[in-house]
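There are 4 protein chains.
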Amino acid sequence: MGLKTYEEYIESLRKLKPQHYIRGKKIHPLDDPELRMAADTVGFTYKAAFMDEYKDLFRTRSDLTGEEINVFTHIPKNTDEMYNWCKVMRISTAEAGCILRCVTNDLLRSIYVTTYEMDKKYGTDYHQRFREYLRYYQKEDLYGITGMTDAGGTRALPPGKQPDPDAFVRVVEKRSDGIVIRGAKGPVAIAPCHEIIVVPTRGLREGESDYAVVCAVPADAPGVKIVVRPRAVDPSPPINLKTSASEGMVFLDDVFVPWDRVFMCGEYDFAYRLVDLFTIFHRHTCGAACKRGFYDLLCGALICAAEANGLDPFRVGHIRDKLIDLFALGETSWAHAVAAVYEGYVTEPGVFIPAPIHANLAKLHQTRTVQEAYRILMDVASGMPVSVPTYEDYENPELKSYVEKYLKRNPEMPTEYTLKIIWLIENLLLSPWAARNLILAVHGGGHDQASRVMFLRHVDWDRLKKLALRRANISA
Amino acid sequence: MGLKTYEEYIESLRKLKPQHYIRGKKIHPLDDPELRMAADTVGFTYKAAFMDEYKDLFRTRSDLTGEEINVFTHIPKNTDEMYNWCKVMRISTAEAGCILRCVTNDLLRSIYVTTYEMDKKYGTDYHQRFREYLRYYQKEDLYGITGMTDAGGTRALPPGKQPDPDAFVRVVEKRSDGIVIRGAKGPVAIAPCHEIIVVPTRGLREGESDYAVVCAVPADAPGVKIVVRPRAVDPSPPINLKTSASEGMVFLDDVFVPWDRVFMCGEYDFAYRLVDLFTIFHRHTCGAACKRGFYDLLCGALICAAEANGLDPFRVGHIRDKLIDLFALGETSWAHAVAAVYEGYVTEPGVFIPAPIHANLAKLHQTRTVQEAYRILMDVASGMPVSVPTYEDYENPELKSYVEKYLKRNPEMPTEYTLKIIWLIENLLLSPWAARNLILAVHGGGHDQASRVMFLRHVDWDRLKKLALRRANISA
Amino acid sequence: MGLKTYEEYIESLRKLKPQHYIRGKKIHPLDDPELRMAADTVGFTYKAAFMDEYKDLFRTRSDLTGEEINVFTHIPKNTDEMYNWCKVMRISTAEAGCILRCVTNDLLRSIYVTTYEMDKKYGTDYHQRFREYLRYYQKEDLYGITGMTDAGGTRALPPGKQPDPDAFVRVVEKRSDGIVIRGAKGPVAIAPCHEIIVVPTRGLREGESDYAVVCAVPADAPGVKIVVRPRAVDPSPPINLKTSASEGMVFLDDVFVPWDRVFMCGEYDFAYRLVDLFTIFHRHTCGAACKRGFYDLLCGALICAAEANGLDPFRVGHIRDKLIDLFALGETSWAHAVAAVYEGYVTEPGVFIPAPIHANLAKLHQTRTVQEAYRILMDVASGMPVSVPTYEDYENPELKSYVEKYLKRNPEMPTEYTLKIIWLIENLLLSPWAARNLILAVHGGGHDQASRVMFLRHVDWDRLKKLALRRANISA
Amino acid sequence: MGLKTYEEYIESLRKLKPQHYIRGKKIHPLDDPELRMAADTVGFTYKAAFMDEYKDLFRTRSDLTGEEINVFTHIPKNTDEMYNWCKVMRISTAEAGCILRCVTNDLLRSIYVTTYEMDKKYGTDYHQRFREYLRYYQKEDLYGITGMTDAGGTRALPPGKQPDPDAFVRVVEKRSDGIVIRGAKGPVAIAPCHEIIVVPTRGLREGESDYAVVCAVPADAPGVKIVVRPRAVDPSPPINLKTSASEGMVFLDDVFVPWDRVFMCGEYDFAYRLVDLFTIFHRHTCGAACKRGFYDLLCGALICAAEANGLDPFRVGHIRDKLIDLFALGETSWAHAVAAVYEGYVTEPGVFIPAPIHANLAKLHQTRTVQEAYRILMDVASGMPVSVPTYEDYENPELKSYVEKYLKRNPEMPTEYTLKIIWLIENLLLSPWAARNLILAVHGGGHDQASRVMFLRHVDWDRLKKLALRRANISA
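Chains as they are written, first to last, in our numbering: chain A, 4 to 479; chain B, 4 to 479; chain C, 4 to 479; chain D, 4 to 479.
Be a bit skeptical, because a hint or two may be false.
Intra- or inter-copy, both count: the list cannot distinguish identical chains.
What the hints assert, rightly or not - Here are the simulated DSSO-like cross-link-like pairs (lysine-lysine), alpha carbons at most 27 Å apart as the crow flies:
| no. | residue 1 | residue 2 |
| --- | --- | --- |
| 1 | K245 | K28 |
| 2 | K90 | K58 |
| 3 | K245 | K18 |
| 4 | K177 | K29 |
| 5 | K80 | K50 |
No lab work stands behind these hints, which were simulated from the structure alone.
Generate the whole structure from the sequences, applying the supplied hints.
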């Protein structure tokens with residue numbers, strides 16, 4: 004085992020009985036068209052491991068099980084594996100959209116390091132326990148979602164001072180066989196999944212040890228309620244991008260977790276370390292490598308859009324400039340991704356850490372550029388994506404001849420070709436999925452200020468100050 | 004007459020029998036929830052004329068009929084009326100969203116001037132004919148949509164050289180009682196309407212006189228087919244912004260127009276003049292005045308979002324800075340609106356022309372800033388709009404207590420208050436309406452390059468060059 | 004009287020005996036080439052009042068003396084006068100550079116209002132006293148510099164808590180015939196001048212009344228020491244822009260000021276009012292109107308630079324785009340200038356107040372765009388300004404033929420023409436004057452954060468919040 | 004040999020007798036204070052090879068001579084050497100400013116590859132000839148300047164169509180012992196130097212083979228005239244940054260070059276290859292690695308400036324944000340530098356080629372950000388750099404006590420410390436050197452459009468287009 008096919012993945016989801024809600028109704032997630040599409044999006048990571056073109060990148064060998072496993076369940080250990088991960092992310096986003104499964108890989112790495120360090124300090128056995136769990140996760144080729152952000156109550160107060168003590172997920176009972184947790188996580192990126200990995204969302208202080216809890220919960224464990232925020236239903240399903248990535252909330256109503264699934268319980272002084280590692284990993288994955296794939300697609304779409312309008316994107320001056328500007332936005336993300344790999348290092352239990360400064364800068368960069376990328380493509384695409392007839396209009400015999408006649412643009416292209424290009428751009432820029440992408444670019448991996456604060460710790464400011472003093476002829 | 008109430012406006016639409024399609028189905032537009040919402044959005048302009056707070060701004064007296072009329076059917080004649088129009092636009096957008104009715108007002112002004120000038124050159128009687136039509140339009144308090152952008156064929160060729168001569172709307176027959184036109188218009192901003200005003204979309208040359216046609220067509224005239232691009236259906240109707248603005252295409256399949264509704268027919272040398280005037284008017288209306296209202300709303304939403312998160316927007320440094328940045332984006336639009344009024348002038352038949360440079364700059368400014376405005380609000384609003392439970396979740400007894408408990412943020416605010424704020428922001432930033440707004444900001448009133456080209460003609464470059472020569476000590 | 008010619012102005016300066024230092028040496032300011040050039044720059048305001056082209060704009064009639072006076076000694080009282088002032092500023096900067104005299108006009112207006120309001124509250128007679136002084140200032144057509152920014156000590160403490168009580172200028176003695184002040188002002192924009200107007204630089208609190216002092220000091224009063232920061236000497240005097248604007252510090256070493264020149268003495272609660280008015284006035288003058296003139300010149304220089312390189316700025320796509328971008332930066336300043344005039348108002352003693360929001364936005368806008376304007380012109384100008392031979396090289400017979408031959412670019416232009424264009428651009432972009440302009444754009448009229456804070460007070464945020472609540476369906 | 008000390012370098016320059024002009028006068032370059040400072044700036048590269056801290060980075064072993072040589076005469080052959088070069092550049096700029104010597108290293112690499120490829124195609128022996136020259140260059144530890152940009156005549160015409168055939172440097176005579184060249188190069192970055200390396204500035208076509216000339220000319224060869232554009236003389240030499248980097252023009256008046264110094268002569272089809280390689284190398288060196296060092300210094304200066312004003316740069320919100328923004332600008336350059344190394348490759352004669360896309364993006368990035376970096380530091384530094392008393396003022400007994408008293412800011416710092424910080428910033432932002440830096444950031448390594456065009460060739464656009472087609476469900 005170690006590698007599930009797409010079909011096996013869907014089948015394994017079907018067997019679960021989670022309490023899933025959408026639009027106020029309880030459903031099995033595979034029965035909702037939007038969530039099913041999200042499962043298919045994650046599904047690309049399963050498919051790619053069996054595609055001739057990609058399988059070498061998407062498979063690796065586990066040092067825990069010795070088997071071939073999916074790269075999404077593997078923890079990168081060196082420069083080469085980290086660079087391979089960047090390429091995997093770039094391809095996944097380009098080919099399938101926001102494939103969601105990356106975030107939990109980032110989280111597994113963080114837990115791997117943190118449990119090791121906790122054991123070293125406190126003599127606990129979390130690391131061994133977690134390796135056992137990871138072995139299982141790899142063997143079963145699981146997809147877990149990341150329950151990190153807490154409901155959070157009022158922003159001005161830490162967990163220990165909230166009016167409602169459950170504003171952050173906490174341990175409400177410790178038993179001989181496990182723990183009971185209560186609280187809510189959200190926003191959580193949600194697709195039909197096997198597991199929910201619960202971790203703290205911020206550093207904790209003395210007196211907040213109940214909030215220091217890391218554990219893995221099956222998606223259909225009793226007490227778990229998953230509420231998905233629907234995106235609006237896309238009007239033209241047959242031709243859309245077939246990609247979806249929902250967000251929502253997970254309510255944890257006194258959920259029991261056995262000890263072999265608990266990887267932190269009370270060690271509040273390690274909460275910050277875990278969060279810090281996760282943000283480095285995820286800002287690298289998401290801010291740097293993933294966005295490159297998305298920009299690859301936007302560049303391709305811009306070329307197609309210009310051509311569909313009968314314009315050569317490489318000869319019309321202002322379009323060429325816009326294409327290059329768009330490309331540059333993406334390639335800068337990639338530069339940060341690669342620089343983080345080249346200047347990264349390996350930490351004690353053998354986990355590769357991409358250079359934190361580049362990881363954070365990648366995040367800051369994309370927070371501010373996804374909007375600009377959209378704007379550029381909108382500019383070149385003309386206003387048609389906002390008014391293009393739908394697939395259903397095109398199929399309606401009363402309208403088809405008009406659509407054929409008047410949507411004809413480049414005389415060398417069939418109208419259907421042009422329509423598909425416009426529909427693609429409508430999906431990329433105007434669909435509910437597009438709007439969700441914009442806000443994720445801002446908040447995924449933490450917002451702007453959260454990234455900024457990281458620099459205070461990771462940059463050697465004193466060296467820079469001394470340099471200036473030397474140039475000012477001040478002996479320091 | 005001259006002023007319809009909102010109810011009379013809806014009733015008058017109900018009587019029409021247009022050929023309207025959406026999602027491939029023929030419907031009466033008031034029977035489609037999305038189009039009905041669009042009618043209600045336009046409807047604000049009717050309601051405001053009867054609201055105590057606004058009626059002084061939204062009513063004026065016609066110099067054609069002597070009656071009180073809605074400001075949206077009136078042609079501003081001086082600085083005061085133009086400034087009043089700016090305020091009307093600002094309020095309309097803030098209170099109801101993109102109210103659509105403005106664009107045709109801009110168009111009526113352009114036709115008013117152009118017909119006057121054509122008559123002067125050619126001795127035609129278009130101006131008188133148009134004044135008659137305008138009198139009717141004012142009396143009936145009509146809402147016409149603007150059919151300007153043509154299907155357009157390949158972008159590289161002018162109307163007269165297209166493979167399909169119908170790529171631009173043209174006169175296919177002149178009869179004693181009127182003309183027959185054929186072609187397609189789109190993108191067209193569409194809400195249920197009384198009239199369609201058809202005009203050329205660009206300058207024309209000798210040999211293209213068939214394309215020089217301006218006329219008014221009833222929405223349900225034989226041969227007119229209106230196909231609306233649906234936005235995705237919003238998941239939470241009971242609490243949404245209740246605003247909609249659809250785009251789509253209008254097919255004109257050999258539509259007959261009697262002479263008293265024809266205001267240009269063959270005078271190709273005036274096509275550019277009409278388009279130029281229209282773009283000045285509409286970039287002023289839309290780029291300058293309207294956007295200010297939208298930014299007013301975004302600023303208010305930012306304040307509410309911060310407070311809902313328990314943060315004082317005027318004291319937390321980075322939030323305060325973002326609020327001011329957001330405000331500044333909007334106020335710069337307004338500065339251009341006002342400067343265009345103060346430096347505008349009155350042209351011969353008594354129509355006020357806002358200063359073209361400011362009008363165009365307002366457009367360029369907002370093309371590039373709406374994305375940034377969204378980004379700022381997204382940043383402050385946190386990720387919640389992407390994952391907030393829906394109204395239906397909130398009403399579901401199995402979920403309500405969880406939603407109540409965990410969506411509680413600022414302890415001084417009821418959860419429902421917080422939910423409504425998040426729903427508002429979801430609507431503003433993530434709904435299909437939001438995405439449509441972004442692309443309209445780029446293309447409404449013409450895209451970036453189109454605005455740029457205007458400067459070549461409207462700026463006195465020679466004066467600037469001579470100044471530089473003088474400063475370089477070169478006698479010129 | 005009321006209008007000095009340029010020659011009379013220079014003559015009147017020559018009679019003064021100020022303690023002026025530059026490069027560590029005491030000099031009469033007219034004897035230093037850089038300061039003499041600064042006097043000539045201010046001198047444009049005197050010349051323009053006698054130039055046929057400009058005199059109507061630069062002259063007005065005093066309501067104090069009934070005579071014709073220079074517009075730089077006049078206080079604008081209504082919309083027309085304020086708009087005229089904007090045009091005067093635009094011309095002055097375009098024709099002569101940073102003419103310096105504007106800032107004190109802004110200050111005189113602030114004192115005019117504040118003295119009126121103090122008298123109303125406290126029954127003092129400052130306003131009458133100040134009107135007498137202003138009458139004298141107008142009659143003699145004086146040029147006063149503005150001593151506002153204090154040495155300031157450590158930035159973290161207010162005047163009353165500084166380790167050195169003289170860190171802010173203060174009254175150290177009150178006598179029957181006048182007051183004695185001590186402290187230092189700087190940065191002060193300095194050219195050879197008649198007067199120094201001393202005002203507080205910030206709001207003051209109880210216990211800081213010694214710092215609440217406004218007075219007028221002759222430039223050569225005993226105890227006044229003026230130290231000018233030289234800009235580097237330009238290598239090519241015969242062909243440079245002939246403009247200069249120095250900054251420096253003014254030390255006030257127990258300077259006696261008679262009562263008829265004292266316009267505030269102890270009324271600490273009016274310090275903020277004065278500063279607030281001044282920043283509105285000066286951000287309007289400098290951020291909005293003046294910069295427009297500078298951008299006029301940059302646009303002209305860009306056109307000349309392209310042509311000198313043999314390229315048509317209106318046809319080469321990327322140059323045309325850059326020209327329009329540059330133009331747009333300037334025109335946005337102007338839009339704020341004009342909007343501030345149109346939406347301004349008249350305050351009680353009859354002084355026109357430009358709309359504070361537009362005035363502040365103009366400042367924020369230019370703080371961030373002057374650099375961009377430079378960058379655009381640099382881009383188009385090519386690298387030649389950095390390596391162009393000097394006037395002296397051109398005059399050297401060993402080199403002249405080479406310069407003639409190899410600096411020939413556009414075959415239709417004499418080499419000397421091309422050289423002069425490059426020299427102009429070198430002066431505009433690379434000279435010490437250019438660098439000074441950049442920092443003035445950031446700090447003149449207060450820095451970025453200072454402008455931002457103004458919005459907290461001048462915007463009706465509550466209105467915006469209520470709008471959002473209404474749209475969110477929350478009854479407020 | 005292979006390593007000169009700083010003293011030996013200066014001595015070797017003193018022996019040369021070049022025809023050097025500045026301000027219209029002929030001088031030995033070491034006798035002009037500005038050019039002497041430039042020699043000292045280049046001199047850092049000699050000094051660093053003997054500094055304990057840096058010598059390991061600045062020395063390497065030649066594969067031509069087997070000796071230890073200065074890294075500036077070495078051609079990087081692999082990833083490690085290329086990364087080392089990046090660090091060398093970062094340090095050089097941070098410690099000494101624009102050290103000028105880098106550009107010719109980039110050029111030597113380009114000639115190394117191009118001569119190899121020419122020989123392969125044409126059976127010439129340029130490569131061996133060049134290796135001999137390079138051996139000499141390494142042994143003598145020479146500093147050559149790069150004569151690339153031609154006078155250029157009118158921009159609209161290629162070399163072969165110019166009215167004056169000498170507008171681009173060309174071979175006017177081929178003799179048995181060598182060639183004779185004529186023309187002018189400029190802008191050329193000039194410091195006192197041993198050699199001038201002459202290369203074409205652009206691709207050439209058939210019929211332009213006279214312009215295809217690469218050769219090395221001693222700085223004092225007969226017929227060479229060097230005219231330096233002086234920067235303005237800095238007013239405060241004793242405390243300035245002691246860095247200079249002049250530009251100017253080199254006139255080549257029928258200069259004879261023996262064959263062993265000729266490395267291309269007529270092979271016009273290789274001109275583009277050489278230029279392309281050079282731009283990749285130099286955009287990497289200058290746009291990526293060098294600028295990082297400059298930004299290191301700016302960050303340090305910002306920290307010092309804030310502290311000198313009594314403000315903690317890590318605690319005052321808006322200063323902290325600005326520091327991080329400034330840091331991010333620099334670190335993005337560095338990310339491109341590092342990514343170009345990691346994704347680079349080795350070409351046939353064993354020369355390492357940094358990834359062209361990252362090299363070009365680094366250039367585009369810094370073209371647009373140096374201005375912003377200046378703006379940020381200006382903002383934090385306050386207006387003092389523009390008005391700070393000079394060193395001479397500080398030494399003048401009549402002024403010293405005032406300067407001591409009133410320039411005291413942070414009570415924990417001596418006034419002299421504060422003055423030195425302000426002087427540093429004045430030098431960095433306002434000196435003639437600063438202004439030159441701005442224009443070099445735009446034009447060094449080619450202007451914006453030149454970098455853009457490179458992407459057309461170096462990006463696999465077809466792959467991106469196919470990706471979009473696949474996502475649009477179009478089989479391609």
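Checked hints:
no.: 1; hint: K245 x K28; verdict: both (23 Å within a copy, 24 Å between copies)
no.: 2; hint: K90 x K58; verdict: within (12 Å within a copy, 37 Å between copies)
no.: 3; hint: K245 x K18; verdict: within (24 Å within a copy, 41 Å between copies)
no.: 4; hint: K177 x K29; verdict: neither (31 Å within a copy, 63 Å between copies)
no.: 5; hint: K80 x K50; verdict: within (24 Å within a copy, 41 Å between copies)
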